[in-house]
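Make the full structure from the sequences, and use the hints.
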Amino acid sequence: MISVRLPEPLRNGRPEIITMSAATLGEVIDNLGIESERDELYNFAVNGDLILHGEKNVQLKSGDEIEIVVAFSGG
Amino acid sequence: MPILERVESLIERLARERQFPTQGQTIFIDLEHHEVRRAYIPRHVVEAFLGGRGVNMFLLHNLLDPSLDPLHPDIPLIFGTGILTSLVPSAARGNVTSWSPETKVILDSNAGDYFPSFMKLNAIDHLVVHGKPKMWTLLHCEDGEINFVDAAPWMGMDNLDFRAAIERDFRGQEGRDFGLASITTAGENLVLCSGIMAGPKAIYARGGPGAKMGSLRLKAVLIQGRSADLTPAHPHKQRNREVAEKLLNTSVVKNALKKRGTPFLYKPSRMLGAMGTKNNQETTWTDKLDAENIDQYRPGMEGCFACPVNCRPLNDLTGCEHVPHDQYIKGDGPEYVTVGKFGPNIGISEVHQVLRLNNICNDLGLDTASAGSAIAWAMELYQRGMIHPDVDLTWGNYDAIERLLFMTAKREGFGNVIADSSRAVEMGHYPPEALDYLMAVKGLTQSDPHDARILKAFALGLAVATRGMDHLRNRVTLEINAKINDDPGFKRELYGGDVSAEPNSYDGKEVAVRRCENIFAVGDAVGMCRFTTKLFNSPSLPGYEEFVDQVANVTGIDLTVEQIDRIGLNIMGVERMINSELGVSRKDDTLPKRWFEESIGVGPYKGEKIDRQKFDDMLSRFYAISNLTNEGLPQPEFRRELESVLTS
Numbered sequence: 069m070i071s072v073r074l075p076e077p078l079r080n081g082r083p084e085i086i087t088m089s090a091a092t093l094g095e096v097i098d099n100l101g102i103e104s105e106r107d108e109l110y111n112f113a114v115n116g117d118l119i120l121h122g123e124k125n126v127q128l129k130s131g132d133e134i135e136i137v138v139a140f141s142g143g
Numbered sequence: 189m190p191i192l193e194r195v196e197s198l199i200e201r202l203a204r205e206r207q208f209p210t211q212g213q214t215i216f217i218d219l220e221h222h223e224v225r226r227a228y229i230p231r232h233v234v235e236a237f238l239g240g241r242g243v244n245m246f247l248l249h250n251l252l253d254p255s256l257d258p259l260h261p262d263i264p265l266i267f268g269t270g271i272l273t274s275l276v277p278s279a280a281r282g283n284v285t286s287w288s289p290e291t292k293v294i295l296d297s298n299a300g301d302y303f304p305s306f307m308k309l310n311a312i313d314h315l316v317v318h319g320k321p322k323m324w325t326l327l328h329c330e331d332g333e334i335n336f337v338d339a340a341p342w343m344g345m346d347n348l349d350f351r352a353a354i355e356r357d358f359r360g361q362e363g364r365d366f367g368l369a370s371i372t373t374a375g376e377n378l379v380l381c382s383g384i385m386a387g388p389k390a391i392y393a394r395g396g397p398g399a400k401m402g403s404l405r406l407k408a409v410l411i412q413g414r415s416a417d418l419t420p421a422h423p424h425k426q427r428n429r430e431v432a433e434k435l436l437n438t439s440v441v442k443n444a445l446k447k448r449g450t451p452f453l454y455k456p457s458r459m460l461g462a463m464g465t466k467n468n469q470e471t472t473w474t475d476k477l478d479a480e481n482i483d484q485y486r487p488g489m490e491g492c493f494a495c496p497v498n499c500r501p502l503n504d505l506t507g508c509e510h511v512p513h514d515q516y517i518k519g520d521g522p523e524y525v526t527v528g529k530f531g532p533n534i535g536i537s538e539v540h541q542v543l544r545l546n547n548i549c550n551d552l553g554l555d556t557a558s559a560g561s562a563i564a565w566a567m568e569l570y571q572r573g574m575i576h577p578d579v580d581l582t583w584g585n586y587d588a589i590e591r592l593l594f595m596t597a598k599r600e601g602f603g604n605v606i607a608d609s610s611r612a613v614e615m616g617h618y619p620p621e622a623l624d625y626l627m628a629v630k631g632l633t634q635s636d637p638h639d640a641r642i643l644k645a646f647a648l649g650l651a652v653a654t655r656g657m658d659h660l661r662n663r664v665t666l667e668i669n670a671k672i673n674d675d676p677g678f679k680r681e682l683y684g685g686d687v688s689a690e691p692n693s694y695d696g697k698e699v700a701v702r703r704c705e706n707i708f709a710v711g712d713a714v715g716m717c718r719f720t721t722k723l724f725n726s727p728s729l730p731g732y733e734e735f736v737d738q739v740a741n742v743t744g745i746d747l748t749v750e751q752i753d754r755i756g757l758n759i760m761g762v763e764r765m766i767n768s769e770l771g772v773s774r775k776d777d778t779l780p781k782r783w784f785e786e787s788i789g790v791g792p793y794k795g796e797k798i799d800r801q802k803f804d805d806m807l808s809r810f811y812a813i814s815n816l817t818n819e820g821l822p823q824p825e826f827r828r829e830l831e832s833v834l835t836s
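Those protein sequences? They're chains A and C, same order as listed. Add 68 to a position in the first sequence, counting from 1, and you land on the number used in our numbering. Add 188 to a position in the second sequence, counting from 1, and you land on the number used in our numbering.
Since the hints were made in silico from the structure, they are not lab data. Treat the hints with care, as some may be off.
In silico lysine-lysine, BS3-like type, Cα no more than 30 Å apart, as pairs [unchecked claim]:
(1) Lys446/C - Lys434/C
(2) Lys794/C - Lys124/A
(3) Lys775/C - Lys797/C
(4) Lys124/A - Lys434/C
(5) Lys466/C - Lys447/C
(6) Lys129/A - Lys476/C
(7) Lys518/C - Lys124/A
(8) Lys781/C - Lys797/C
(9) Lys794/C - Lys781/C
(10) Lys466/C - Lys794/C
(11) Lys320/C - Lys129/A
(12) Lys124/A - Lys442/C
(13) Lys598/C - Lys518/C
(14) Lys476/C - Lys434/C
(15) Lys447/C - Lys518/C
(16) Lys802/C - Lys775/C
(17) Lys124/A - Lys447/C
(18) Lys797/C - Lys476/C
(19) Lys598/C - Lys320/C
(20) Lys802/C - Lys781/C
(21) Lys466/C - Lys781/C
Across the chosen pairs, the derived CB separations fall in these ranges [unchecked claim]:
(22) Thr474/C - Ser89/A: 30 to 38 Å
(23) Glu769/C - Pro77/A: 46 to 54 Å
(24) Asn115/A - Pro824/C: 50 to 58 Å
Note that the structure is a prediction, hence the values are computed from the model and not measured. Glycine included, C-beta positions come from ideal geometry on N, C-alpha and C.
What follows is the structure, given as structure tokens:
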């Protein structure tokens, strides 16, 4: 199992941390139902490391912790 | 040629009548002789540079005498408002332009809040001030009249007291009745990292505009009333509604800017291992400064004139046992830049300390990017035993930092060194070797606290930005976005060419920087906020299509998307021509030594730094697609085109 920490705007009634089985980050995105319009600009961090490209193909293993963080970086 | 002759010569070439509906005057003010001259920018100049930053550069090019010093009273200070400012949602911005006393290259700084809108609401598109009066002056503009008011009653006041005094003395409320641009004691004392305050927090920050305004003994410009005829050429409100809807439906606005403001950006930089820490010796810092930890101190959000976003967080430390309950218990901000510069960059990890320093800087009129960077630079030199100041500059020494800010505004003790900002070596405060640790380009310390050794488009942008090391001129922010990186077709469409999906690759990054530099320059010319301009925080925000439509509706000037993009290139071109006059060349389009020689030590891109040869090749490619020579100047044909507008 892997755990996913959801930011508030993406919870939609779900708890902050949810668990699921998934072999890739692409499966996590599908399971979460946030494969959405391009404007939903969130990045994923796996065990604290931000993924900046090749997102869907990132391989996961049991115990991995995923966090969804805002992707923008201009302020 | 003296400034009076330059102004005379220029006015002869300007128009005497409005060139389009909603156009305001360009007003030349001789502070020494209390003389006011008025003209209009000719239509062919507007079609080449639009307004705001673009026309400011036209004016500076014509009025600058590079044989003088930036603080000489013959060097003008130019306020400009965007061509759409106050007329389109989120277009509330304007620029101030001059020759920077902090960097000795162009000074061009952008602010919002209310002052630029009140310029427009009073039919003033550009305000050119020069000369040094015997007495400090407050310029009071009301219903088209300019009054020279003796500023003696307000001298020595900082931002909080001054704004309160003006509301009392002129019987009005800022934002509702007037707009105000003013300096603090730091500006009066010619502190090079001081800005011009345009609100409680809004500041024309970069390049030392506060010092430049102080050199003209100009305490403030107060613009009161709403007397302009702003009837547009064509109805524009329906398109405005669409622009507002587009803004408010964008994810970054809905989920981040409206809720927390820019501090949400701290976390991704920290997690990437790219948060400038201890003068960029390190690149990650505590999660205690993540935006959600500021939530408890944020009572609400504020916004600029007629902007539906409201992205400016307020703060209130009432009840926090660690801070004195004085005038700094509440304030505006912080922005992400301030969190970074007064957090990790100087070794501070407590939210309440960052908020208090933010509130103090707002009152003292200090640019948090330059002041924070100057302190971080001093701290590293202290750490290395290269300097021996009268202040304990140990990383994270909060009490010393707070005291140092007040000393800086007054140029007292070691504050006099911080007040000289990036010029501390030139001024004889530090040994020449200290320059090895200065995180600056073209004399301007970095604005965004993000360490750009990983992101190569960001790095190139910082190197080529005409005003120095500042992200707001051309940052390819979306290179950090995985969904866009993983969609090459969409990315090609966004930037107009192939750009590598890998953030740390050099391939094609020049294409993205070129596209961003153009649209951001156009944004500054129309008066649109950077945060809500396409490509800065989202690919879905208003961009050229909306700008072209509203320029046509508001002014009657029809432009194509290609033409307005060319205006962005024109603005960059004239800025490079001015910088060339000031001695800038290819050697100055570079990065701090540390980024070439020291690697990132943490995170998924551990080991990353800037490769000199690959950077140089990328720079050459950038020049080539920017219609620039190998020295970074407009190609001869491009230069002739620009000169025909600048001098005709």
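Here is how each hint holds up against the structure:
In summary, the hint linking Lys446/C to Lys434/C is supported, as the alpha carbons are separated by about 14 Å, within the 30 Å threshold. About 22 Å separates the Cα atoms of Lys794/C and Lys124/A, which keeps this hinted pair within 30 Å; it holds. A C-alpha spacing of about 19 Å is found between Lys775/C and Lys797/C, which places the hinted pair at or below 30 Å, so the restraint holds. As the CA atoms of Lys124/A and Lys434/C are separated by approximately 28 Å, the hinted pair is consistent with the 30 Å bound.
With a C-alpha separation of about 29 Å, the suggested pair Lys466/C and Lys447/C falls inside the 30 Å cut-off, and the hint holds. As the CA atoms of Lys129/A and Lys476/C are separated by approximately 29 Å, the hinted pair is consistent with the 30 Å bound. Among the hinted pairs, Lys518/C with Lys124/A is inconsistent with the structure: their alpha-carbon atoms are about 44 Å apart, more than 30 Å. Taking the CA atoms of Lys781/C and Lys797/C, the gap is near 11 Å; set against the 30 Å cutoff, the hint holds.
Proposed proximity of Lys794/C and Lys781/C is supported: the alpha carbons are some 18 Å apart, at most 30 Å. The straight-line distance between the Cα atoms of Lys466/C and Lys794/C is roughly 18 Å, inside the 30 Å bound, and the hint therefore holds. The straight-line distance between the Cα atoms of Lys320/C and Lys129/A is roughly 70 Å, outside the 30 Å bound, and the hint therefore fails. Restraint check: the Cα-Cα separation between Lys124/A and Lys442/C comes to about 25 Å, which is no more than 30 Å; the hinted pair holds.
Our distance criterion of 30 Å between C-alpha atoms is met by Lys598/C and Lys518/C, whose separation comes to about 23 Å. Proposed proximity of Lys476/C and Lys434/C is contradicted: the alpha carbons are some 34 Å apart, above 30 Å. Proposed proximity of Lys447/C and Lys518/C is supported: the alpha carbons are some 19 Å apart, at most 30 Å. Taking the CA atoms of Lys802/C and Lys775/C, the gap is near 15 Å; set against the 30 Å cutoff, the hint holds.
As the CA atoms of Lys124/A and Lys447/C are separated by approximately 29 Å, the hinted pair is consistent with the 30 Å bound. A threshold of 30 Å between alpha carbons decides the hint, and for Lys797/C with Lys476/C the separation of about 27 Å falls inside it, so the pair holds. Distance hint between Lys598/C and Lys320/C is fulfilled; the C-alpha atoms sit about 21 Å from each other, no more than 30 Å. For the proposed pair Lys802/C and Lys781/C, the alpha carbon gap of about 15 Å is at most 30 Å, so the pair holds.
Our distance criterion of 30 Å between C-alpha atoms is met by Lys466/C and Lys781/C, whose separation comes to about 16 Å. Distance hint check for Thr474/C and Ser89/A: the Cβ-Cβ separation is about 33 Å, which falls inside the suggested range of 30 to 38 Å. The given range of 46 to 54 Å is respected by Glu769/C and Pro77/A, whose C-beta atoms sit roughly 49 Å from each other. The beta-carbon spacing between Asn115/A and Pro824/C, approximately 55 Å, falls within the hinted interval of 50 to 58 Å.
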